[in-house]
Amino acid sequence: MLSVLALTSVVLLGIASQCTAISVYTNWEKHVQVGSDVRLSCSFFSWHWTSAEVTFSWSYRPDGAKESVSIFHYTNGAPYIATKGPFRDRLEFVGNPNRRDGSIMIRNVDYNDNGTFTCDAKNPPDIMGHPSNVRLLVFEKVPVQAGVITGAIIGVVLGLLILVVAIYYLMRFLVARRVFSLSMRHGKKGKGKEGSQQRQAGPSK
Amino acid sequence: MLKALAGICFLHLTTIFFLFWATIDDAWWFTRTLYTDLWGKWVMENEDNVWVYMDIPTSYRKDYLQVVQAFAVLSCLFAVFSLCVFIFQLFTLGKGQRFTISGVVQLISCFCIMVALSVYTDHFHRDEKDGWYGWSYIMAWFGWLLTLFTGIMYIILRKRED
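Line by line, the protein sequences are chains A and B.
1 is the number of the first residue of the first sequence in my numbering; add one for each residue after it.
1 is the number of the first residue of the second sequence in my numbering; add one for each residue after it.
Because the hints were derived from the structure by calculation, they are not lab data.
Heads up, a few of these hints could be off.
Here are some of the chain A residues that sit facing chain B, going by a computed Cβ distance under 8 Å [what the hints assert, rightly or not]:
hint, residue
1, P143
2, I154
3, V157
Label-pair distances were calculated between CB atoms; the ranges are [as the list claims (entries may be wrong)]:
hint, chain 1, residue 1, chain 2, residue 2, range
4, B, W132, A, K84, 54 to 60 Å
5, B, W39, A, L174, 40 to 46 Å
6, B, F149, A, L158, 21 to 27 Å
7, B, I87, A, F173, 22 to 28 Å
8, A, F180, B, W135, 54 to 60 Å
9, A, N27, B, L2, 54 to 60 Å
10, B, V43, A, Y80, 44 to 50 Å
11, A, L170, B, K95, 24 to 30 Å
12, B, G94, A, G155, 33 to 39 Å
13, A, Y168, B, H123, 33 to 39 Å
14, A, R135, B, V43, 20 to 26 Å
15, B, W39, A, T50, 40 to 46 Å
16, A, G155, B, L2, 35 to 41 Å
Glycine included, every Cβ here is placed at the ideal spot set by N, Cα and C.
The task is simple: from the sequences and hints, build the whole structure.
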């Protein structure tokens with residue numbers, strides 16, 4: 001019995017150590033208006049505790065270019081911004097590595113910033129994983145997001161319908177209660193009159 | 001009596017079927033190499049009978065397209081809801097009374113698909129000469145006709161003894 005338990009635990013530990021691969025999460029696309037600031041978020045999932053040697057690495061590949069340049073690196077508890085990169089004075093680290101957040105903020109975006117940003121996070125000893133890409137799209141006027149107006153119209157119409165039905169049933173309930181209370185009062189008045197007549201008849205005898 | 005009931009249910013189910021197909025299938029506008037609309041477009045890039053699914057182009061007026069989408073979906077929802085209300089009223093209505101609520105909901109569905117069709121006809125593909133309206137568009141119009149007919153029928157119909 002004990003040997004079976006020991007064997008099972010060894011097998012499970014072996015499987016668990018194979019499962020460790022870090023998963024990095026970013027947005028798929030970011031739509032932003034020219035001149036505004038954009039926050040590119042990056043987070044990761046790892047079976048290990050967040051170590052003190054966690055690293056975040058952002059690189060940027062402009063639209064149409066073949067190579068990507070490194071623009072940001074966080075290691076040993078300190079953020080480092082590439083001093084010759086295209087975002088040298090516009091990039092700011094706004095993440096919290098202890099909470100597995102390696103987000104960066106890019107200020108005053110321009111049309112030249114269209115491109116793909118790649119975030120790579122490593123959490124030693126968990127270093128095997130794929131980096132994740134987020135595409136930045138800069139617009140003069142941010143277009144309507146897919147489905148926002150559709151959802152709004154459907155929600156409003158169904159909400160109004162539910163409201164109308166609820167008000168109808170509420171009115172019916174209130175009217176029924178009023179009718180009930182009026183009928184109770186009529187009943188009480190009738191009983192009261194009979195009582196006073198009896199009392200008058202009593203003492204005259 | 002049962003035959004009439006079966007006929008009415010069949011008509012209502014046909015209405016729901018038309019509305020759902022018109023909303024789901026991307027076949028409102030056709031050209032020789034493309035059929036499109038409401039949710040995406042299918043394009044045949046080379047003449048090799050291979051159809052590729054693509055997004056609606058950004059040249060479309062996004063807000064009007066979403067209005068058409070919303071009202072088409074709403075008409076489907078109200079048609080299904082009116083069927084449920086009709087079956088409910090079948091059991092709870094007294095003799096000789098009319099199925100007004102089912103009729104009213106069905107007419108709301110008719111109104112919704114009418115709004116969707118009007119906006120679509122007025123705002124999309126107005127100046128495109130080499131194209132024609134597809135089967136989803138025509139089915140939406142038949143859905144409108146059937147919802148109008150069944151809605152009025154429900155308002156006029158009286159419940160007879162089962």
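Verification of the supplied hints:
{"no.": "1", "hint": "P143", "result": "holds (6 Å)"}
{"no.": "2", "hint": "I154", "result": "holds (5 Å)"}
{"no.": "3", "hint": "V157", "result": "holds (6 Å)"}
{"no.": "4", "hint": "B:W132 / A:K84: 54 to 60 Å", "result": "holds (58 Å)"}
{"no.": "5", "hint": "B:W39 / A:L174: 40 to 46 Å", "result": "holds (45 Å)"}
{"no.": "6", "hint": "B:F149 / A:L158: 21 to 27 Å", "result": "holds (25 Å)"}
{"no.": "7", "hint": "B:I87 / A:F173: 22 to 28 Å", "result": "holds (25 Å)"}
{"no.": "8", "hint": "A:F180 / B:W135: 54 to 60 Å", "result": "holds (57 Å)"}
{"no.": "9", "hint": "A:N27 / B:L2: 54 to 60 Å", "result": "holds (58 Å)"}
{"no.": "10", "hint": "B:V43 / A:Y80: 44 to 50 Å", "result": "holds (46 Å)"}
{"no.": "11", "hint": "A:L170 / B:K95: 24 to 30 Å", "result": "holds (29 Å)"}
{"no.": "12", "hint": "B:G94 / A:G155: 33 to 39 Å", "result": "holds (35 Å)"}
{"no.": "13", "hint": "A:Y168 / B:H123: 33 to 39 Å", "result": "holds (36 Å)"}
{"no.": "14", "hint": "A:R135 / B:V43: 20 to 26 Å", "result": "holds (23 Å)"}
{"no.": "15", "hint": "B:W39 / A:T50: 40 to 46 Å", "result": "holds (42 Å)"}
{"no.": "16", "hint": "A:G155 / B:L2: 35 to 41 Å", "result": "holds (40 Å)"}
The structure meets every hint from the earlier list without exception.
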